[in-house]
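K.L.:
Residue strings, one per chain:
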Amino acid sequence: MRTKQEYLIRYKDGNLYCDLADIWIDPSKPVKKALITHAHFDHFTFGCEEYISTKETAILLKERVRDNIKIKTFEYGEEFKINGINISFHPSGHILGSSQIRFIFAEEKWLISGDFKLQKDDTCKQYEIVKTDYLISECTFGLPIFKWDDSNKIANDISKWITNSPEKTSLLFCYSLGKAQRLLNEISQTNFKGNIYSHDSIHKMNNSYRELGIDIKDTIKIENKKIDELKGSLILLPPSLSKGSYLKNFKNIQTAFASGWMSIRALRKRSGYDKGFAISDHADWDGILEVVKKSEAKNVFFHHGDSEAISKYLVEKESINVLFFGK
Amino acid sequence: MSLKKFSELFGDLDSINSTNNKIEVLKRYFLSNEPIDNSWAIYLLTGKSNKRFISGRYLKNLFSQIYEYPQWLIDTCYLKVGDSAEVITLLLKNKTTSRNKKLSNISLNELLSKTIPDISKLNEEEKNLQIKNIWERLPEDYHLIFNKILTGTFRVGVSIGLITKSISKLINIDEEIISHRLMGNFKPSIDSYEFLINKNINIQELNSKPFPFLLANTIEDKIFHHSINDFQFEWKYDGIRMQLIKRSGNVSLWTRGQELVNESFPELVEKMSHIKDDFVLDGELLVWNFKEQIAFDFSLLQKRINRKSPNRSIQIKYPIIFIAYDLLEINGRDIREIRLDNRRVELEKYFSKWQNKTENNISNIFKICDLIFPKDWPDALTYKEKSRENNTEGLIIKKKTSIYSSGRKKGIWWKYKVDPMQLDAVLIYARGGSGRRAGLYTDYSFALWKDQELIKFASAYSGLTNIEIKELDKWIRKNTIEKFGPVRSLKPEMVFEISFEKIQISKRHKSGIAVRFPRITKWRKDKKINDADSLENAYELMKKIS
Chain S
1 MRTKQEYLIR
11 YKDGNLYCDL
21 ADIWIDPSKP
31 VKKALITHAH
41 FDHFTFGCEE
51 YISTKETAIL
61 LKERVRDNIK
71 IKTFEYGEEF
81 KINGINISFH
91 PSGHILGSSQ
101 IRFIFAEEKW
111 LISGDFKLQK
121 DDTCKQYEIV
131 KTDYLISECT
141 FGLPIFKWDD
151 SNKIANDISK
161 WITNSPEKTS
171 LLFCYSLGKA
181 QRLLNEISQT
191 NFKGNIYSHD
201 SIHKMNNSYR
211 ELGIDIKDTI
221 KIENKKIDEL
231 KGSLILLPPS
241 LSKGSYLKNF
251 KNIQTAFASG
261 WMSIRALRKR
271 SGYDKGFAIS
281 DHADWDGILE
291 VVKKSEAKNV
301 FFHHGDSEAI
311 SKYLVEKESI
321 NVLFFGK
Chain G
328 MSLKKFSELF
338 GDLDSINSTN
348 NKIEVLKRYF
358 LSNEPIDNSW
368 AIYLLTGKSN
378 KRFISGRYLK
388 NLFSQIYEYP
398 QWLIDTCYLK
408 VGDSAEVITL
418 LLKNKTTSRN
428 KKLSNISLNE
438 LLSKTIPDIS
448 KLNEEEKNLQ
458 IKNIWERLPE
468 DYHLIFNKIL
478 TGTFRVGVSI
488 GLITKSISKL
498 INIDEEIISH
508 RLMGNFKPSI
518 DSYEFLINKN
528 INIQELNSKP
538 FPFLLANTIE
548 DKIFHHSIND
558 FQFEWKYDGI
568 RMQLIKRSGN
578 VSLWTRGQEL
588 VNESFPELVE
598 KMSHIKDDFV
608 LDGELLVWNF
618 KEQIAFDFSL
628 LQKRINRKSP
638 NRSIQIKYPI
648 IFIAYDLLEI
658 NGRDIREIRL
668 DNRRVELEKY
678 FSKWQNKTEN
688 NISNIFKICD
698 LIFPKDWPDA
708 LTYKEKSREN
718 NTEGLIIKKK
728 TSIYSSGRKK
738 GIWWKYKVDP
748 MQLDAVLIYA
758 RGGSGRRAGL
768 YTDYSFALWK
778 DQELIKFASA
788 YSGLTNIEIK
798 ELDKWIRKNT
808 IEKFGPVRSL
818 KPEMVFEISF
828 EKIQISKRHK
838 SGIAVRFPRI
848 TKWRKDKKIN
858 DADSLENAYE
868 LMKKIS
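So the sequences go chain by chain: S and G.
Mind the numbering: the first sequence is residues 1 to 327 in my numbering, read in order.
Mind the numbering: the second sequence is residues 328 to 873 in my numbering, read in order.
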């Protein structure tokens, strides 16, 4: 077996790093060269000399940071070379533009899953099965208690939740990039036909999605609306606004949070929202196992989340070689 | 269809915070369901059924066995979820593939009066098979309710008060009446529901039932501005609050938790039945030290509570007494609307009559509470401080003009408890919480110094705010020395002020002491571990008190 230093990709200062290419993946501090899997802020940091991502990720990032950052873009599946290593992006199904990243060097394949999901989502490209020797997978929801319902079932639950309280204003909290657009897409196919408002941060992302050719239902930007106009309608807001004085702008509200964590009753109760809808842009337990299997990886690493249980399970039940990065 | 409706009701009640909305949802449910199902719903929601048909552990083992699932994986999931019934419900999501959902039309009544009780009649093998069958035939949405009832853990954020209010609103009858009807042994049946919603109030059928208890509030500063003469003072005993009722010759003993406990205290029932008058008394049941005329510790009373039909030697070993505070009804006359000081006159009058006229001597099992007469508020404080000497928890202060209404009514009765005892201790272990606290480290163990060593002396899990819990949880994860299953041993660094009610010698504990009701009262971030108290300090505290 090789030592950790000899792996093509390893953990360095808490980030994924490839020595041979001198390139970082989603680094959390400024570096020379950074591959960005997708445009969520916990995967991006300011101050890198050069960023490399898919075209969609680059557009979303530029819209979000409003800063002149230097991003080199590639299409999905398009191979490029850095120091003799072939690198390519592949759809990961997490949000628009999100990608897995494959490295090929001396006939050895490495795949970084990025954040991914297998579930249906019409607002981004479906997860692509990529074969690999080494897989570095996320496992945010790496326990078998996580099993997602179909997103149209959740959308119908949301629709019922709003229409059952016509005298209320329904505030649905969700991440402004990705989750919000997916929810809008799903909710527009339900029986709920009332007005949908969205916070500026979500409104902006909706526009970017539309410019990139994704059909997103029209929403009204939430400004100083009269309270009675909001009765019976849905308002999408980012979770950061759930605490503090912002909610005082509304009267007679009910609140909900859309997140995979909401499948657990204790977390639902503790969250402080009236209701939780368990919908996630990450893979559930079965999703992770399926990707491990279909990728045909002989060696698997996990990062993001508690990987103890899934590692032990794969070793015991599936005889997969699970490796650990020293941190 | 009704299990579906109940399942929706459960979901709604679980996700609604506003009391008024909960009442509306309940009213709507009661209006749209069969009386028998309503009756069961009330039974479940008020927590009257906590019968455990199988244990959570059994349920987890069974799942592991049927679906060849590693036990350790289920245990890991449990740490995140904190409830066996819910863990299994979540794990079942991808296991029950049968399309044959024969049980999709099962009613709540059928499930509770037949399906589930039938399970407990089976032998183990049949039982396991039957549970598997039900899992496969029951629609996924009902699994949680089924598993929770099976394991006796069905709970939802609804109080009896809320059910009372909804029914009261439903039929436009005073809450007191409904509360009265809901007390005691509510047996789910069409009759019990019809009785509950009966618009005609029949005194006769309410005969054995207690009045809703009137409870005291925590002391408020504003009462110190009033004249001491406006109040009646009693010791606050640490026993079981009860109503002792004798109507039409029958005696019933009701706890505040609405349990009829005649069977546990037969000697009291027997003695009281010799009294000629009918009455309702509000008071406290205690195990009594007749020599010193003070109460024994609550732990002795515990030896009596759960024992039905105790034999003579138990009765002698743990002698009980009923101390009456108040007279609520006398010979069919409800006197709750009379002011307290006048009720007290009645109570004393009847007590002396009973003492003199009853053939059997009742004073060795029944007395009325002594009143205390502080001359001013500082004097009241002195009495309060003395309360440990006679094994009471402090004082109860009652407005002399108060009528006996129900619930925790503000501004008439107060409890004035002795200040708790406190020690500063070091956090050394943490364990994952369950239920609402699942996935967080919320159960803590604390230690005191003995020479250079930290010795565990108490465990506590209440007292921190949610924000503090989250902050401490983060710290715990970063400062773990070792993990033993769900328990982590921690770097000794954090000091907490621990308050408790009682401290005594215990051979079972390594520290040699045991404390009652330990709880965290302050996170002493200002203190270093060397500032924490030692076992010696604890012994001194113990000496000071006894």
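Simulated from the structure, these hints should not be mistaken for laboratory data.
There's no promise every hint is true.
Stated by the list, open to error - Calculated lysine-lysine pairs in the DSBU-like style (CA-CA distance at most 30 Å, straight line):
(1) K120(S) - K221(S)
(2) K797(G) - K269(S)
(3) K855(G) - K810(G)
(4) K422(G) - K317(S)
(5) K120(S) - K818(G)
(6) K55(S) - K29(S)
(7) K818(G) - K834(G)
(8) K454(G) - K147(S)
(9) K454(G) - K332(G)
(10) K160(S) - K454(G)
(11) K475(G) - K147(S)
(12) K153(S) - K407(G)
(13) K62(S) - K221(S)
(14) K269(S) - K854(G)
(15) K160(S) - K331(G)
(16) K849(G) - K801(G)
(17) K131(S) - K378(G)
(18) K684(G) - K713(G)
(19) K598(G) - K269(S)
(20) K221(S) - K125(S)
(21) K849(G) - K312(S)
(22) K293(S) - K420(G)
(23) K492(G) - K160(S)
(24) K630(G) - K676(G)
(25) K459(G) - K428(G)
(26) K251(S) - K428(G)
(27) K777(G) - K854(G)
(28) K801(G) - K147(S)
(29) K407(G) - K243(S)
(30) K834(G) - K810(G)
(31) K312(S) - K407(G)
(32) K153(S) - K251(S)
(33) K598(G) - K618(G)
(34) K251(S) - K492(G)
(35) K834(G) - K801(G)
(36) K870(G) - K153(S)
(37) K492(G) - K231(S)
(38) K221(S) - K153(S)
(39) K120(S) - K251(S)
K.L.:
Run every hint past the structure and note whether it holds.
P.N.:
Here is what the structure says about each hint:
no., hint, verdict
1, K120(S) - K221(S), "27 Å, holds"
2, K797(G) - K269(S), "15 Å, holds"
3, K855(G) - K810(G), "24 Å, holds"
4, K422(G) - K317(S), "17 Å, holds"
5, K120(S) - K818(G), "46 Å, violated"
6, K55(S) - K29(S), "22 Å, holds"
7, K818(G) - K834(G), "27 Å, holds"
8, K454(G) - K147(S), "27 Å, holds"
9, K454(G) - K332(G), "27 Å, holds"
10, K160(S) - K454(G), "38 Å, violated"
11, K475(G) - K147(S), "20 Å, holds"
12, K153(S) - K407(G), "25 Å, holds"
13, K62(S) - K221(S), "21 Å, holds"
14, K269(S) - K854(G), "33 Å, violated"
15, K160(S) - K331(G), "15 Å, holds"
16, K849(G) - K801(G), "18 Å, holds"
17, K131(S) - K378(G), "53 Å, violated"
18, K684(G) - K713(G), "36 Å, violated"
19, K598(G) - K269(S), "49 Å, violated"
20, K221(S) - K125(S), "27 Å, holds"
21, K849(G) - K312(S), "40 Å, violated"
22, K293(S) - K420(G), "21 Å, holds"
23, K492(G) - K160(S), "27 Å, holds"
24, K630(G) - K676(G), "34 Å, violated"
25, K459(G) - K428(G), "13 Å, holds"
26, K251(S) - K428(G), "43 Å, violated"
27, K777(G) - K854(G), "18 Å, holds"
28, K801(G) - K147(S), "27 Å, holds"
29, K407(G) - K243(S), "25 Å, holds"
30, K834(G) - K810(G), "28 Å, holds"
31, K312(S) - K407(G), "17 Å, holds"
32, K153(S) - K251(S), "28 Å, holds"
33, K598(G) - K618(G), "21 Å, holds"
34, K251(S) - K492(G), "25 Å, holds"
35, K834(G) - K801(G), "35 Å, violated"
36, K870(G) - K153(S), "65 Å, violated"
37, K492(G) - K231(S), "28 Å, holds"
38, K221(S) - K153(S), "26 Å, holds"
39, K120(S) - K251(S), "35 Å, violated"
Violated hints for the displayed structure, listed by number in ascending order: 5, 10, 14, 17, 18, 19, 21, 24, 26, 35, 36, 39.
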